[in-house]
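These are the residues of each chain, in order.
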Amino acid sequence: MRVRPSCKARWNTGILLPLLAAALLAPGCSLRRMAMNGLADSVAGGTGGVFASDDDPELVRDAAPFSLKTLEALLVELPEHPGLLLAACSGFAQYAYAFPQTDADLVGDADYARVEALRTRARKLFVRGRDYCLRALEQRHPGVGEQLLLAPEGALDWAGRADVPLLYWSGASWGGAIALGLDRPELVADFPAVRALLARALALDEAWDRGAIHAALISLDAVPEAMGGSRARARQHFERAVELSGGASAGPYVSYAVGVAQPDGDRADFEHLLGQALAVDPERDASQRLANAIAQRRARHLLDRADALFSEAPAGGETR
Amino acid sequence: MTLLRSLAALACALLLPALSPAGASAQGKPVTIKLASFVPEGSIWDKNLRQMGDEWRRATDGRVALTVFAGGQQGEETTVVSKMRLGALQGAALTVLGLSQIDLGFYAFAIPFFYESYDELQHVRAALTPELEKRLAAKGFVLLGWGDAGWLQVFSKKKISTLPELKALPIYTAAGDDRMVQWYKSSGFEPRPLAFSDIPTALATGLIEAVPVTPLAALLLQWYRTAPHMLEIGISPLVGATVVTQKTWNAMSEADRTAVRAAAQAMQERLRTEVPEQDRDAVAQMQKRGLQVSAPTDAQAWREIGDRFAGLMRGTYVPADLYDRARAERDAFRRTAR
Chain A
1 MRVRPSCKAR WNTGILLPLL AAALLAPGCS LRRMAMNGLA DSVAGGTGGV
51 FASDDDPELV RDAAPFSLKT LEALLVELPE HPGLLLAACS GFAQYAYAFP
101 QTDADLVGDA DYARVEALRT RARKLFVRGR DYCLRALEQR HPGVGEQLLL
151 APEGALDWAG RADVPLLYWS GASWGGAIAL GLDRPELVAD FPAVRALLAR
201 ALALDEAWDR GAIHAALISL DAVPEAMGGS RARARQHFER AVELSGGASA
251 GPYVSYAVGV AQPDGDRADF EHLLGQALAV DPERDASQRL ANAIAQRRAR
301 HLLDRADALF SEAPAGGETR
Chain B
321 MTLLRSLAAL ACALLLPALS PAGASAQGKP VTIKLASFVP EGSIWDKNLR
371 QMGDEWRRAT DGRVALTVFA GGQQGEETTV VSKMRLGALQ GAALTVLGLS
421 QIDLGFYAFA IPFFYESYDE LQHVRAALTP ELEKRLAAKG FVLLGWGDAG
471 WLQVFSKKKI STLPELKALP IYTAAGDDRM VQWYKSSGFE PRPLAFSDIP
521 TALATGLIEA VPVTPLAALL LQWYRTAPHM LEIGISPLVG ATVVTQKTWN
571 AMSEADRTAV RAAAQAMQER LRTEVPEQDR DAVAQMQKRG LQVSAPTDAQ
621 AWREIGDRFA GLMRGTYVPA DLYDRARAER DAFRRTAR
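Going line by line, the protein sequences match chains A and B. The numbering of the first sequence is our numbering, which starts it at 1 and goes up by one. The numbering of the second sequence is our numbering, which starts it at 321 and goes up by one.
Since the hints were made in silico from the structure, they are not lab data. Since we're looking at a predicted model, the values are computed, not measured. Be aware that one or more of the hints could be misleading.
To be verified - Below are the SDA-like pairs computed for lysine to any residue, each with C-alpha atoms no more than 25 Å apart in a straight line:
id	chain 1	residue 1	chain 2	residue 2
1	B	K608	A	G154
2	B	K608	B	T546
3	A	K124	B	K567
4	A	K124	B	E597
5	B	K477	A	E225
6	B	K478	A	W158
7	A	K124	B	Q371
8	B	K608	A	L309
9	B	K608	A	A151
10	B	K567	A	S311
11	B	K477	A	L150
12	B	K478	A	E153
13	B	K608	A	F310
14	B	K487	B	L527
15	A	K124	B	R609
16	B	K479	A	E146
17	B	K567	A	L309
18	B	K608	A	E138
19	B	K608	A	L182
20	B	K608	A	L278
21	B	K478	A	P192
22	B	K608	A	W158
23	B	K487	B	T617
24	A	K124	B	E361
25	B	K608	A	S311
26	B	K608	A	D131
27	B	K477	A	R140
28	B	K478	A	E138
29	B	K608	A	L150
30	B	K478	A	D266
31	B	K608	A	D307
32	B	K478	A	Q147
33	B	K608	A	L134
34	B	K567	A	E225
35	B	K454	B	K479
36	B	K505	B	Q620
37	B	K567	A	F310
38	B	K567	A	D307
39	B	K479	A	L309
40	B	K477	A	E146
Hey, can you work out the whole structure from these sequences and the hints?
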């Protein structure tokens, strides 16, 4: 099965339960496998971004787990199905980001235990997604998992343009897990693998999915210089992501505001960027309705918290 | 009437605390501590700081709130100390480098080859704490608690196991410390003073070939990818501490200060356990990804150069009285421990 090189594969797991039941119950081994494969192809091929185009995040929050578990049920039967592996990887990564991680960010400093519980859950979901992607990568090129740990640069030279969705979601899910696992040496150790995956994806198809790779690289290059980040590169990725999305995606504005403007203490730029994120019309690109709804929810929350996020010297200074 | 008035007064007295805005301190207004740190958001130290802040909030019914500015976003340690003096920040989690900007006494924990174990360090630190608290107070700061950051080892681009091999490699030193550079040179090293943020490029280009760093930091910063050899030499612990300004401290009630200090002490104890574990785990993870670890084969030579370096630090970096006290405490600990 050929994976469509489009982010519309996101949450395209609208699945009909009867189909699944029929596939599982089909008599005869080869007939059953054929039915499973047919179902898997249709599930992985998707029903046209039914989740991504939804403007009701709460509906998606409730509906997505069923789809994700169905994917996993199919993967028990077809553990090497590339389309299912990619759909599971991207689905778990997106669910982790959109719900537990965003929920944790919205709680903020108000309840440490709850924030930790949500972030732990999000991290585990990212790791689960990453592992499906790694399984798919291993199918595609045996030994690549080991190479990504030992020598990530050059580990992906074999990849072609059709591999871009897999490279992207491998990097996105792995990066999400690391961002939430900076206190876990076993995760932190593989930050270069994330960079290698996204760099290779970018080299193969720079404009993929209206700038999704550039959008992911904003956060990656916003890390401190001592960790290999670069403000100049983060800016370039931000500008290109906005350009490629035609200004219809709120995500790049939020990523740049949080990754660069906030750490740099530039409150004016921070507020301006988040204002731009909120000004994006969610109807302009139906395929991004859900992503924009989540990004705009974060933008509103960040604007509300701006006083706490920036330290400014009071007039007159401090006396002892 | 008198009784009624008394009852009314009593009711007012009982009700007032409940009716006053949540978060009002004994002095009438809540205390928000904007605290700078140099550790990445989400790292073991950052999580501990945020947990401490959560404990402050709960233990003081919201009268003391903490906002953490992680990852060095408030500038270098010198800048952060200045910002605290100006009142733009009320606290910071500093390393000995930043702490020594406030008082040189903190260099007592950065003397190379002076400490052999965390237990030894802990003993000396406990003994010196009252004196260092006094010195900090004289400069307008309050020490809330210590924070272990790991133990410095040498990471290098090629394998080294002897002192002459290290001396032959260009090694990172912090920019702006001419005295240190001179000492390195006069002892036969090849120091390259650089900004911290320039280290990855300098390692990649070969401008430096060795850097002293803790294993956990080498992993977080990924420096071990370009410097895949670790000499397990245990140069010195990297000690940090959480401090707040005296003005902020004074704005809290006595009870709140007790709660704030208790949470900071609890963080200190957690880090004492967690950081050495993470350092060990970091080494194991890096080894899985190609790190080669070696032990020095000329231990005596390292001890000798350590002693020479310590001699330089006494009276220059570390005030002589504190240096002597640290040495006496360390030797006393060694006598009882052996």
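Cross-check of the supplied hints:
1. B/K608 / A/G154: Given that 25 Å is the threshold and the Cα spacing comes to 19 Å, the pair holds.
2. B/K608 / B/T546: Judged against 25 Å, a Cα distance of about 15 Å means the pair holds.
3. A/K124 / B/K567: 43 Å, violated
4. A/K124 / B/E597: 22 Å, holds
5. B/K477 / A/E225: Answer holds: B/K477 to A/E225 is near 20 Å, not above 25 Å.
6. B/K478 / A/W158: 30 Å, violated
7. A/K124 / B/Q371: Given pair A/K124, B/Q371 holds - Cα atoms ~21 Å apart, limit 25 Å.
8. B/K608 / A/L309: Roughly 38 Å separates the two Cα atoms, so the pair is violated.
9. B/K608 / A/A151: OK: B/K608 and A/A151 at ~12 Å, within 25 Å.
10. B/K567 / A/S311: 17 Å, holds
11. B/K477 / A/L150: 16 Å, holds
12. B/K478 / A/E153: 20 Å, holds
13. B/K608 / A/F310: Since the Cα atoms of B/K608 and A/F310 sit roughly 40 Å apart, the hinted pair is violated (cutoff 25 Å).
14. B/K487 / B/L527: Status holds; Cα separation ~15 Å.
15. A/K124 / B/R609: Since the Cα atoms of A/K124 and B/R609 sit roughly 22 Å apart, the hinted pair holds (cutoff 25 Å).
16. B/K479 / A/E146: 24 Å, holds
17. B/K567 / A/L309: Holds. B/K567 to A/L309 sits at ~22 Å (cutoff 25 Å).
18. B/K608 / A/E138: 19 Å, holds
19. B/K608 / A/L182: 18 Å, holds
20. B/K608 / A/L278: 45 Å, violated
21. B/K478 / A/P192: 21 Å, holds
22. B/K608 / A/W158: Between B/K608 and A/W158 the Cα gap is close to 24 Å, so the pair holds against 25 Å.
23. B/K487 / B/T617: 15 Å, holds
24. A/K124 / B/E361: 18 Å, holds
25. B/K608 / A/S311: 41 Å, violated
26. B/K608 / A/D131: Holds. B/K608 to A/D131 sits at ~18 Å (cutoff 25 Å).
27. B/K477 / A/R140: 33 Å, violated
28. B/K478 / A/E138: 32 Å, violated
29. B/K608 / A/L150: 8 Å, holds
30. B/K478 / A/D266: 41 Å, violated
31. B/K608 / A/D307: Status violated; Cα separation ~44 Å.
32. B/K478 / A/Q147: 22 Å, holds
33. B/K608 / A/L134: 18 Å, holds
34. B/K567 / A/E225: Status violated; Cα separation ~34 Å.
35. B/K454 / B/K479: Cα-Cα ~45 Å, so violated.
36. B/K505 / B/Q620: 21 Å, holds
37. B/K567 / A/F310: Holds, at roughly 20 Å.
38. B/K567 / A/D307: With a Cα-Cα distance of about 21 Å, the restraint between B/K567 and A/D307 holds, given a limit of 25 Å.
39. B/K479 / A/L309: 44 Å, violated
40. B/K477 / A/E146: 22 Å, holds
Checked against the numbered hints listed earlier, the structure breaks hints 3, 6, 8, 13, 20, 25, 27, 28, 30, 31, 34, 35 and 39; every other hint is satisfied.
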